[in-house]
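Working from the sequences, and respecting the hints, build out all of it.
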Amino acid sequence: MFEPLQPIYGVAGIRAIEDQVLPHAEPSLMERAGRAAAEEAFRLIMDRSGPVLIACGPGNNGGDGFVMARRLLQAKRNVKVAFAGDFDKLPADAKAACTAWRDAGGEITSELPPPPAEGWALVADALFGIGLGRPVEGRYAEWIRTLNTLPVPRIAVDIPSGLDADTGRILGTAFRATHTLTFMALKPGLLTLNGPDHAGSLIVRNLDIVPGTYQPADGHLVQPGLFREHLQPRLYNTHKGTYGHVGVIGGAPGMTGAALLAGRAALKLGAGRVFIGLIDQHAPAVDPCQPEIILRPSDLILEQASVLAVGPGLGRSVMATSLLERAIASKLPLVLDADGLNLLAIEPGLHPRLSARAAPTLLTPHPAEAGRLLGTSVTAVQADRVQSALTLATRYNA
Numbered sequence: 001m002f003e004p005l006q007p008i009y010g011v012a013g014i015r016a017i018e019d020q021v022l023p024h025a026e027p028s029l030m031e032r033a034g035r036a037a038a039e040e041a042f043r044l045i046m047d048r049s050g051p052v053l054i055a056c057g058p059g060n061n062g063g064d065g066f067v068m069a070r071r072l073l074q075a076k077r078n079v080k081v082a083f084a085g086d087f088d089k090l091p092a093d094a095k096a097a098c099t100a101w102r103d104a105g106g107e108i109t110s111e112l113p114p115p116p117a118e119g120w121a122l123v124a125d126a127l128f129g130i131g132l133g134r135p136v137e138g139r140y141a142e143w144i145r146t147l148n149t150l151p152v153p154r155i156a157v158d159i160p161s162g163l164d165a166d167t168g169r170i171l172g173t174a175f176r177a178t179h180t181l182t183f184m185a186l187k188p189g190l191l192t193l194n195g196p197d198h199a200g201s202l203i204v205r206n207l208d209i210v211p212g213t214y215q216p217a218d219g220h221l222v223q224p225g226l227f228r229e230h231l232q233p234r235l236y237n238t239h240k241g242t243y244g245h246v247g248v249i250g251g252a253p254g255m256t257g258a259a260l261l262a263g264r265a266a267l268k269l270g271a272g273r274v275f276i277g278l279i280d281q282h283a284p285a286v287d288p289c290q291p292e293i294i295l296r297p298s299d300l301i302l303e304q305a306s307v308l309a310v311g312p313g314l315g316r317s318v319m320a321t322s323l324l325e326r327a328i329a330s331k332l333p334l335v336l337d338a339d340g341l342n343l344l345a346i347e348p349g350l351h352p353r354l355s356a357r358a359a360p361t362l363l364t365p366h367p368a369e370a371g372r373l374l375g376t377s378v379t380a381v382q383a384d385r386v387q388s389a390l391t392l393a394t395r396y397n398a
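Counting from 1, position 348 in the sequence shown corresponds to residue 348 in the numbering used here; the numbering is continuous, with no gaps.
Simulated from the structure, these hints should not be mistaken for lab results.
Do not take every clue at face value.
Lysine-lysine pairs mimicking DSBU-like chemistry, simulated, CA-CA at most 35 Å apart [unchecked claim]: (1) K76 to K95; (2) K240 to K331; (3) K89 to K76; (4) K268 to K240; (5) K80 to K95; (6) K331 to K268.
Written as structure tokens, this is what we have:
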């Protein structure tokens with residue numbers, strides 16, 4: 001019913017795994033990575049003619065590209081390799097991979113070749129991997145901009161060059177892939193900020209390594225498997241009261257829709273009963289789309305609920321602040337969203353009360369709301385979303 005959980009590792013975690021695996025790896029991790037890249041490339045070009053272009057960089061990511069090229073050549077595909085680095089400065093494994101490519105009959109050009117008459121079957125980015133820590137400039141930047149214009153499948157080897165693997169920031173310029181083959185595990189930068197726009201379809205190959213054996217994951221992809229205990233089929237001998245009562249508080253004048261949408265979502269996700277407290281005194285008495293939702297005065301919701309969501313369309317009135325204070329003081333699991341977070345940011349007296357809660361608390365800020373809670377700018381939050389989220393969780397015991 002559920003897919004296996006997908007772990008996420010930052011660069012430090014991947015390096016810790018590599019340090020343990022590399023001394024004993026046979027075949028080498030580079031050989032495994034290049035072979036996996038060739039296999040995925042071959043799958044993408046099975047019905048496409050024309051040569052494959054692989055752009056190799058000056059480090060181990062370039063070495064992966066050389067192995068990929070050799071494997072495709074051995075599979076009888078026409079492969080062109082462009083290498084902008086210095087052979088003598090390649091790391092040892094990458095230098096060996098480059099030599100093996102040449103020994104197999106492969107050729108190397110120092111510039112990107114023009115597209116052939118029939119067009120490229122595929123282009124592969126093996127310029128820079130997860131260790132990139134500076135902006136891409138000069139010829140490498142020109143290559144990336146050129147590759148991005150090609151109307152063919154574009155696969156990134158491990159991560160699109162120019163994308164920060166931890167944060168998803170673009171370092172100067174970044175390869176825009178249609179597919180990204182990443183090794184061992186997902187990286188945060190593929191999933192946040194600019195990552196999804198540049199990574200395309202994500203493919204994970206673990207290279208015959210179980211990462212969790214060597215290093216605990218930094219996180220996991222949000223997917224149904226994370227909630228398997230709470231997504232079981234309902235038993236016959238039960239009723240709506242068996243499955244919990246969600247209370248939603250919000251819906252100030254002009255914003256009732258936000259609270260209604262949150263309540264409908266809770267119902268569809270399995271809540272037995274949903275109570276919505278709308279602040280707008282002229283709000284409808286029934287939700288015509290989900291009439292089973294119970295609409296009550298907002299100050300009565302805490303008495304009915306077993307879990308609370310406060311903030312959708314809440315507004316910033318005195319009444320809204322009072323309701324937020326009561327929610328924080330409750331012993332119920334609490335989700336704070338939207339204006340619940342904005343009120344928290346401007347009411348510093350609530351911070352220690354929230355941090356002292358014993359019940360679970362979940363914060364769902366967008367970057368601007370996160371910036372208000374952290375006392376920083378949206379730009380600073382966007383520069384490292386993951387760290388911003390961790391800081392918020394620590395500060396507010398969430």
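These are the hints, each one checked on the structure:
1. K76 to K95: holds (23 Å)
2. K240 to K331: Holds, because 22 Å separates the two Cα atoms, which is no more than 35 Å.
3. K89 to K76: holds (30 Å)
4. K268 to K240: holds (13 Å)
5. K80 to K95: Given pair K80, K95 holds - Cα atoms ~18 Å apart, limit 35 Å.
6. K331 to K268: holds (25 Å)
Every hint, counting from the list given before, is met by this structure.
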